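*Asks:* So the sequence lines, in the order shown, correspond to chains A and B.
Position one of the first sequence corresponds to residue 1 (the working numbering), numbered consecutively onward.
Position one of the second sequence corresponds to residue 1 (the working numbering), numbered consecutively onward.
Hints in this document: simulated from the structure, not taken from any laboratory.
No experiment lies behind these values; they were computed from the predicted model shown.
Treat the hints with care, since some could be wrong.
[Unchecked claim] Quick list of in silico lysine to any residue cross-link-like pairs, SDA-like style, CA-CA up to 20 Å:
| # | chain 1 | residue 1 | chain 2 | residue 2 |
| --- | --- | --- | --- | --- |
| 1 | A | LYS38 | A | TRP82 |
| 2 | A | LYS38 | B | ALA54 |
| 3 | A | LYS38 | B | THR58 |
| 4 | B | LYS73 | A | GLY30 |
| 5 | A | LYS38 | B | LYS73 |
| 6 | B | LYS71 | A | GLN67 |
| 7 | B | LYS8 | A | ALA170 |
| 8 | B | LYS71 | A | HIS11 |
| 9 | B | LYS48 | A | LEU189 |
| 10 | A | LYS38 | B | PRO62 |
| 11 | B | LYS73 | A | TYR36 |
| 12 | B | LYS71 | A | HIS24 |
| 13 | B | LYS71 | A | PRO26 |
| 14 | A | LYS38 | A | PRO26 |
| 15 | B | LYS73 | A | ALA181 |
| 16 | B | LYS48 | A | PRO26 |
| 17 | B | LYS8 | A | ARG143 |
| 18 | B | LYS48 | A | ALA181 |
Each chain, written out:
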Amino acid sequence: MGVTDEQTDLHQLDERELVEQARHDPDAFGEIYERYVKRIFNYIYYRTGNMHDAEDLTSRVFQRALQHIPTYVDKGVPFSAWLYRIAHNLVVNWHRDRGRRKVVPLEDAILHSLGSHAPENVAESHEEHDILLEAIRNLPEDRQQLLLLKYVERLPNAEIGLVMKRSEGAVKSLYHRTLIALRDEIERLGQANGAGPPSRHKPSEPEAT
Amino acid sequence: MLSGIGRKKRIRGLLSEHADSLITGEDRSADILADHPDEAPQLEGLFKLANRLATTATPVEPSPDFVENLKGKLYQLQILENERRAAWDSRREQAMKVSRVLGLIISIIAIVALLARFASAIIRLVAFLTARRRKTPATA
Numbered sequence: 001m002g003v004t005d006e007q008t009d010l011h012q013l014d015e016r017e018l019v020e021q022a023r024h025d026p027d028a029f030g031e032i033y034e035r036y037v038k039r040i041f042n043y044i045y046y047r048t049g050n051m052h053d054a055e056d057l058t059s060r061v062f063q064r065a066l067q068h069i070p071t072y073v074d075k076g077v078p079f080s081a082w083l084y085r086i087a088h089n090l091v092v093n094w095h096r097d098r099g100r101r102k103v104v105p106l107e108d109a110i111l112h113s114l115g116s117h118a119p120e121n122v123a124e125s126h127e128e129h130d131i132l133l134e135a136i137r138n139l140p141e142d143r144q145q146l147l148l149l150k151y152v153e154r155l156p157n158a159e160i161g162l163v164m165k166r167s168e169g170a171v172k173s174l175y176h177r178t179l180i181a182l183r184d185e186i187e188r189l190g191q192a193n194g195a196g197p198p199s200r201h202k203p204s205e206p207e208a209t
Numbered sequence: 001m002l003s004g005i006g007r008k009k010r011i012r013g014l015l016s017e018h019a020d021s022l023i024t025g026e027d028r029s030a031d032i033l034a035d036h037p038d039e040a041p042q043l044e045g046l047f048k049l050a051n052r053l054a055t056t057a058t059p060v061e062p063s064p065d066f067v068e069n070l071k072g073k074l075y076q077l078q079i080l081e082n083e084r085r086a087a088w089d090s091r092r093e094q095a096m097k098v099s100r101v102l103g104l105i106i107s108i109i110a111i112v113a114l115l116a117r118f119a120s121a122i123i124r125l126v127a128f129l130t131a132r133r134r135k136t137p138a139t140a
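Chain A with its partners taken away, still in its complex shape (with noise of 0.2 Å):
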């Protein structure tokens, strides 16, 4: 099927008139929905651990998204950040529903990452990742959101500080803070399992509140 004008026009309008549009235009609507599932699904996908799960919410963002778009007031901000926002609190739901507050593991991604590995690489690898994986998962929800973001999303701190509602300079200090918190925790797991901690000298930064 080849690409209408219509459908050109529509990846050629800007964000404004594509929401304003997608109010009652399916076609608008399925634009920003190619727009944005990518990366609305990676960002579930790394904060549930399983493609069952981050499919299943995936869909319940964007019907969400189409329910509300007719009323849905422009405020200046991405079209993006709010739908993070429902992603967010979908998600903060499904951990509350199944009474976990952690992240699963990502086997599936690591997995898919190191399939390019030698296989004796791949288990010392392995171990170094799920120790990763799990002091990710015992940080604070708002600190693995912002690793997502950064990292997965690969957002730049300003569209950050729109989605988790923080200024700029509040998304670095917590930049600044998780990466410390990370660092401490796979200290401690790597102590907990025998490995002894990395040598480093580690500064006596007092963490901010």
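Dock chain B against the given chain A, drawing on the hints supplied.
*Replies:* Then chain B, alone, in the frame of chain A:
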């Protein structure tokens, strides 16, 4: 020499700069550490950790079937929603027309009733006056 707060702010800025370089596929760890040797002890370990995050948290592709099926489902849902809304708007418009007509009829009935009462009152008054005139004897 930067104060504690200023130094903390600079470190946060450098960490952020490093993270932004990683997400564009470039690792500026060496450059940043070379430009800021005083901060290297604090930054080096965090840079390595950030590098691990960047290589671990890779985007995952959703299944093409899932993407396509959901798109079709949403398309149908919006068409149904548009039809439902149009039907609702049409019913509401009809209801408003009916209520306007009913309102007009009731108003007319009320006016007619009021006029009837007024006419009735006038007729009774005329009848009363006429009867009274007949009863009063003519003076010689």
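*Asks:* Could you run down the list of hints and mark each one as holding or not?
*Replies:* Evaluated hints:
no. : hint                   : in the structure
1   : LYS38(A) <-> TRP82(A)  : holds, 15 Å
2   : LYS38(A) <-> ALA54(B)  : holds, 18 Å
3   : LYS38(A) <-> THR58(B)  : holds, 13 Å
4   : LYS73(B) <-> GLY30(A)  : holds, 10 Å
5   : LYS38(A) <-> LYS73(B)  : holds, 17 Å
6   : LYS71(B) <-> GLN67(A)  : holds, 15 Å
7   : LYS8(B) <-> ALA170(A)  : holds, 13 Å
8   : LYS71(B) <-> HIS11(A)  : holds, 16 Å
9   : LYS48(B) <-> LEU189(A) : holds, 17 Å
10  : LYS38(A) <-> PRO62(B)  : holds, 7 Å
11  : LYS73(B) <-> TYR36(A)  : holds, 16 Å
12  : LYS71(B) <-> HIS24(A)  : holds, 16 Å
13  : LYS71(B) <-> PRO26(A)  : holds, 10 Å
14  : LYS38(A) <-> PRO26(A)  : holds, 19 Å
15  : LYS73(B) <-> ALA181(A) : violated, 42 Å
16  : LYS48(B) <-> PRO26(A)  : violated, 46 Å
17  : LYS8(B) <-> ARG143(A)  : holds, 19 Å
18  : LYS48(B) <-> ALA181(A) : holds, 14 Å
Of the numbered hints given earlier, the model fails hints 15 and 16; all others are met.
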